[in-house]
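**Student:** Using the sequences and the hints, build the whole thing.
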Amino acid sequence: MATVAFFIPGAPRATQSGTVMRYGRRLMPERRNRGWIDRCYLAAQQWAKPTGFREPLRGPLQLALTFFMPRPRQGKNLSPFPMSGGDPGNLAKGLEDCFQGVLYEDDKQCVWVSYRKQWAGAAGPGVHVSLTTLDGLA
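With the working numbering, the residue at position 49 of the sequence shown is 49, and numbering never jumps.
One should not assume that every hint holds.
[Said to hold, decoys possible] Under the rule of at most 25 angstroms between Cα atoms (straight-line distance), these lysine to any residue pairs were calculated in the SDA-like manner:
{"no.": "1", "residue 1": "K49", "residue 2": "V4"}
{"no.": "2", "residue 1": "K117", "residue 2": "S79"}
{"no.": "3", "residue 1": "K108", "residue 2": "D38"}
{"no.": "4", "residue 1": "K108", "residue 2": "G59"}
{"no.": "5", "residue 1": "K108", "residue 2": "R34"}
{"no.": "6", "residue 1": "K117", "residue 2": "N90"}
{"no.": "7", "residue 1": "K117", "residue 2": "H128"}
{"no.": "8", "residue 1": "K108", "residue 2": "A14"}
{"no.": "9", "residue 1": "K117", "residue 2": "I37"}
{"no.": "10", "residue 1": "K117", "residue 2": "Q62"}
{"no.": "11", "residue 1": "K49", "residue 2": "D97"}
{"no.": "12", "residue 1": "K117", "residue 2": "R71"}
{"no.": "13", "residue 1": "K117", "residue 2": "F7"}
{"no.": "14", "residue 1": "K108", "residue 2": "L57"}
{"no.": "15", "residue 1": "K49", "residue 2": "M1"}
{"no.": "16", "residue 1": "K49", "residue 2": "Q62"}
{"no.": "17", "residue 1": "K49", "residue 2": "D106"}
{"no.": "18", "residue 1": "K117", "residue 2": "G10"}
{"no.": "19", "residue 1": "K117", "residue 2": "A43"}
{"no.": "20", "residue 1": "K108", "residue 2": "A5"}
{"no.": "21", "residue 1": "K117", "residue 2": "L42"}
{"no.": "22", "residue 1": "K108", "residue 2": "T3"}
{"no.": "23", "residue 1": "K117", "residue 2": "A11"}
{"no.": "24", "residue 1": "K117", "residue 2": "R34"}
Hints listed in this document are in silico derivations from the structure and should not be mistaken for laboratory results.
**Tutor:** Written as structure tokens, this is what we have:
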């Protein structure tokens, strides 16, 4: 088992599907909030280069995403949990798609996916990405 982990700074944005685009034989959803997705794609590429990560991982994978959401201005009824800022599934789906071809070949390899949202701390808003190979665990 090998684990890949890195942090992408910036306010996470939900990426609901817009229209569907055809790329060769493959249909890919055109995502809204491309700025956030483009930032995550670049961060994954920049992380991969200096670490010697030469080609996408193969086989079954565990993907864990922790979204650190910007803390709102202090108020009387500040929830201990960030329930605004997008559905966690929509926050995750755009990242699963943008990591294709960089961290793994296809997002269908992610057979164990977990994600959560919490308030950002001193490091600021962003997402912590952890990807673990599951070869040999069957």
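**Student:** Given the hint that K108 pairs with G59, test it: the Cα-Cα distance must not exceed 25 angstroms.
**Tutor:** holds (10 angstroms)
**Student:** Sort out whether D38 lies within 25 angstroms of K108, counting only the CA atoms.
**Tutor:** It holds: about 21 angstroms lies between the C-alpha atoms, which stays within 25 angstroms.
**Student:** Checking one constraint from the list: CA of K117 to CA of A43, max 25 angstroms. Satisfied?
**Tutor:** This hinted pair holds, its Cα atoms lying about 20 angstroms apart.
**Student:** Next pair to validate is K49 with Q62; report whether the Cα-Cα distance is within 25 angstroms.
**Tutor:** OK: K49 and Q62 at ~22 angstroms, within 25 angstroms.
**Student:** Holds or violated: K117 and S79, Cα atoms, limit 25 angstroms.
**Tutor:** Distance of about 12 angstroms is within 25 angstroms: holds.
**Student:** Is the Cα-Cα distance between K49 and M1 25 angstroms or less?
**Tutor:** Within the cut-off at roughly 21 angstroms; holds.
**Student:** Taking 25 angstroms as the top limit, are the C-alpha atoms of K117 and L42 close enough?
**Tutor:** The hint holds at about 22 angstroms.
**Student:** Just to be careful, I want the Cα atoms of K117 and F7 compared with a cutoff of 25 angstroms; is the pair within it?
**Tutor:** OK: K117 and F7 at ~14 angstroms, within 25 angstroms.
**Student:** Below or equal to 25 angstroms on CA atoms is what counts here, so check K117 against R34.
**Tutor:** holds (20 angstroms)
**Student:** Holds or violated: are the alpha carbons of K49 and V4 at most 25 angstroms from each other?
**Tutor:** holds (13 angstroms)
**Student:** Against the 25 angstroms threshold, does the CA-CA distance of K117 and I37 hold or violate the hint?
**Tutor:** holds (17 angstroms)
**Student:** Take a quick look at whether K108 and T3 sit within 25 angstroms of each other, Cα to Cα.
**Tutor:** holds (18 angstroms)
In summary, the structure agrees with every hint in the numbered list given earlier.
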